[in-house]
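2 protein chains.
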Amino acid sequence: MRDMLGREELIPVEKALQILFQHAPFQLPNEMLTPLEDAYGLVVSRDIISPEDLPGFGRSTVDGFAVRAADTFGATEGLPAYLKLVAEIAMGERPQCALHKGQCAKIATGGMLPEKADAVVMFEYSQRVEHDSIEVVRPVSPGENVIQAGEDATKGETILKRGHRLRPQDVGALAGVGLSEIWTYKKPRVAIIATGDEVVPAREPLRPGQVRDINSYTLAGLVSDAGGIAEKKGIFRDEYEIIKDTVRLSLMHSEIILITGGSSVGTKDVTARVINDVGSPGVLFHGVALKPGKPTIGGVAGSVPIFGLPGHPAAVHICFEVFVRPVLELQSGAGFDRFGRHRRTLRARVTRNIASSPGREEHIGVMIEDRNGEPWAVPMLGKSGLITTLTKADGTAIIPLTKSGVREGDYLEVILF
Amino acid sequence: MRDMLGREELIPVEKALQILFQHAPFQLPNEMLTPLEDAYGLVVSRDIISPEDLPGFGRSTVDGFAVRAADTFGATEGLPAYLKLVAEIAMGERPQCALHKGQCAKIATGGMLPEKADAVVMFEYSQRVEHDSIEVVRPVSPGENVIQAGEDATKGETILKRGHRLRPQDVGALAGVGLSEIWTYKKPRVAIIATGDEVVPAREPLRPGQVRDINSYTLAGLVSDAGGIAEKKGIFRDEYEIIKDTVRLSLMHSEIILITGGSSVGTKDVTARVINDVGSPGVLFHGVALKPGKPTIGGVAGSVPIFGLPGHPAAVHICFEVFVRPVLELQSGAGFDRFGRHRRTLRARVTRNIASSPGREEHIGVMIEDRNGEPWAVPMLGKSGLITTLTKADGTAIIPLTKSGVREGDYLEVILF
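Top line first, the protein sequences correspond to chains A and B. Those letters in the first sequence? Residues 0 to 416, by my numbering. Those letters in the second sequence? Residues 0 to 416, by my numbering.
Since the hints were made in silico from the structure, they are not lab data. Treat the hints loosely; a few may be bogus.
Just so you know, same-sequence chains aren't split out, so a pair can sit in one copy or run between any two.
With a straight-line cut-off of 25 Å between C-alpha atoms, the simulated DMTMM-like cross-links for lysine to aspartate or glutamate are [to be verified]: (1) K160 x E36; (2) K290 x E230; (3) K185 x D224; (4) K100 x D224; (5) K232 x E328; (6) K243 x E412; (7) K231 x E203; (8) K290 x E150; (9) K290 x E240; (10) K14 x D244; (11) K185 x D46; (12) K293 x D268; (13) K293 x E123; (14) K232 x D117; (15) K391 x E143; (16) K402 x E123; (17) K391 x D46; (18) K290 x E13.
All chains, full assembly: derive it from the sequences and hints.
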């Protein structure tokens, strides 16, 4: 976009994201009934209600003796409480009988409390005095060392909300309440379209002037890490009709479309024209105050977000993290990332001065180094087109829009790969 | 382990890990030749040498005019250098002829420099004066706006070292140098053995006193996230012979074995006896200054690490992160994690005072909350046996061994899930 004087006008990253998200909700993938074994990493599409109490009975959380707490009140080392040992509770079984006043039963962690028992005395605070009785040297309060029936999850309670992405412990909890299949969203399909007259497939021999397709490989991995299904569409010439046809086809099968530049002069305009022509509202922003990644195009066709990403491998990576990942997260049916734009971040001090132009957000590949237990970010200086800058880096450090650089020792936010 | 007076002696986490790692190298999985498409997340088993220069030719990093830098020396707005435009370089093709003194060629980002050209003038610093000549208003130095042949990777250079886990950008770089298959380690197989007389499979109806197998589901997800192949062996009774036979069988097919407790009183001893009896050196530590996770057992049989993990779901999760993940990383053929024990960490301030016993490291489930742009950790207080504590949490905060608690506003290290 250009201002009245014809100068290129760049919008800040936050503003670009905001414009993009004003067009949400985008098209969500369909739901499916998923076996619990296959649910890791998927997003829950309906609130999940616990079908039963967890645990289903009062359980001990320690190894010791189940007691009626009142029987232990006032017990001390000098004046212990004496209790009669009437049973040993077998794991996985219901205790045979209730506890009467002055009685106790040996119980292991996870064992089911007998009726009338309301607390457990740990072995450490008891002593066997005879075959069938014990001394308790410290009182327990009712409920101590016990998980009550339904304390973890109550029957009818919502245990996971729609939009939650299932982590290992969530799947464990669903197994715990006996759910063996659940409703989830399918993973969003992300079309990856490489363009560029100079770009050839990775396996082909190179002629002078040609380069191999790096971006499709990088993007496929990033998409899959972010919970999408990468669909590499191939490499296409920088021609309006060819790219438009490919994008049209992709619109029918994909929830997000990524077009990686083509770096020839006219390409960015071709991509923008295609995005405008395949559906409305079309291009939402073109040119971002971000380095690398300035020529990024963001748009929406119908309810499918489409991105025109720059051709530089390093820029593609950063644009993915900044723009595509949050959109993909939303397209997965998950809410916004609660940590904001970047999840895996680290605050680290920078090992040297870096100059930066105010008015653009700059992302610099860094290695993280441990110096006396504190993380330091070592900038990988090199041209932004170099791929190896990113293969050697542990993450990218961000120099905010408003800063004209950072000094050695300053704290920076680092997005970890 | 008990000291001379029979008191339980707990070893600090760092010491336990150190003892464990003294027995490395463990048994590595076999190598395989992997197509690049399938290599994401795998660990490289041999150094990878670049078979060619990347790029294979001098390339422009901007849109502009390829020049001989010396022709622009001294150029200013008032006294521009005049150059004759002799060619337009097509993307993906070798320029037809070399540049002579005073000549330039139009070039796009990624285009191949003509012979004798050594820099590129950006469009912004030039003006077309006639059909076939331009003015340059700012000098460029030799090499400016150019990536030299081999500048990104040189033929014969080691681009990735053995032990590197392949991230999306690494796979992209390998595509860039034309490698279509590479040697990697197979993923380590991790046997998951659930024990406990009270534990039943997730799909079965419960009788009083029984609970469902949560830990196998949680561990399978954690193993897979950490780059291993989870092999759920099933649920076994707390009996020495049964568990020993299962562990013996697993030793033949797995690179790591996890036994989750069984919480009945005798179980921990059964697990320890089994670990001692299936191979040497057997149990290396039994009881750790860690909460939750105190009863953790770590051992090695031959060259296979075996862990006895507690039965509490929350404890299992934390013991995995603390002990199993670093060992799994090593078993994958990757070196130690360069960020130390925990990779995805965040420094956050704690929202309330928490008491803790000095002499043990305490891990507390926390939610991360954004307060004026700063991350705060909200402790999820609840009994450590509760599963839902971890399903609601974003990570666990660590109270170090030496501290007797933290105050509101103190900084804590949080391991993000």
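How the hints compare with the structure:
no., hint, in the structure
1, K160 x E36, "within (19 Å within a copy, 35 Å between copies)"
2, K290 x E230, "neither (27 Å within a copy, 45 Å between copies)"
3, K185 x D224, "both (15 Å within a copy, 19 Å between copies)"
4, K100 x D224, "neither (59 Å within a copy, 51 Å between copies)"
5, K232 x E328, "within (22 Å within a copy, 34 Å between copies)"
6, K243 x E412, "neither (39 Å within a copy, 49 Å between copies)"
7, K231 x E203, "within (17 Å within a copy, 42 Å between copies)"
8, K290 x E150, "between (51 Å within a copy, 21 Å between copies)"
9, K290 x E240, "neither (30 Å within a copy, 63 Å between copies)"
10, K14 x D244, "neither (30 Å within a copy, 62 Å between copies)"
11, K185 x D46, "within (16 Å within a copy, 38 Å between copies)"
12, K293 x D268, "within (14 Å within a copy, 62 Å between copies)"
13, K293 x E123, "between (66 Å within a copy, 15 Å between copies)"
14, K232 x D117, "neither (64 Å within a copy, 36 Å between copies)"
15, K391 x E143, "between (53 Å within a copy, 23 Å between copies)"
16, K402 x E123, "between (60 Å within a copy, 24 Å between copies)"
17, K391 x D46, "between (42 Å within a copy, 14 Å between copies)"
18, K290 x E13, "within (14 Å within a copy, 41 Å between copies)"
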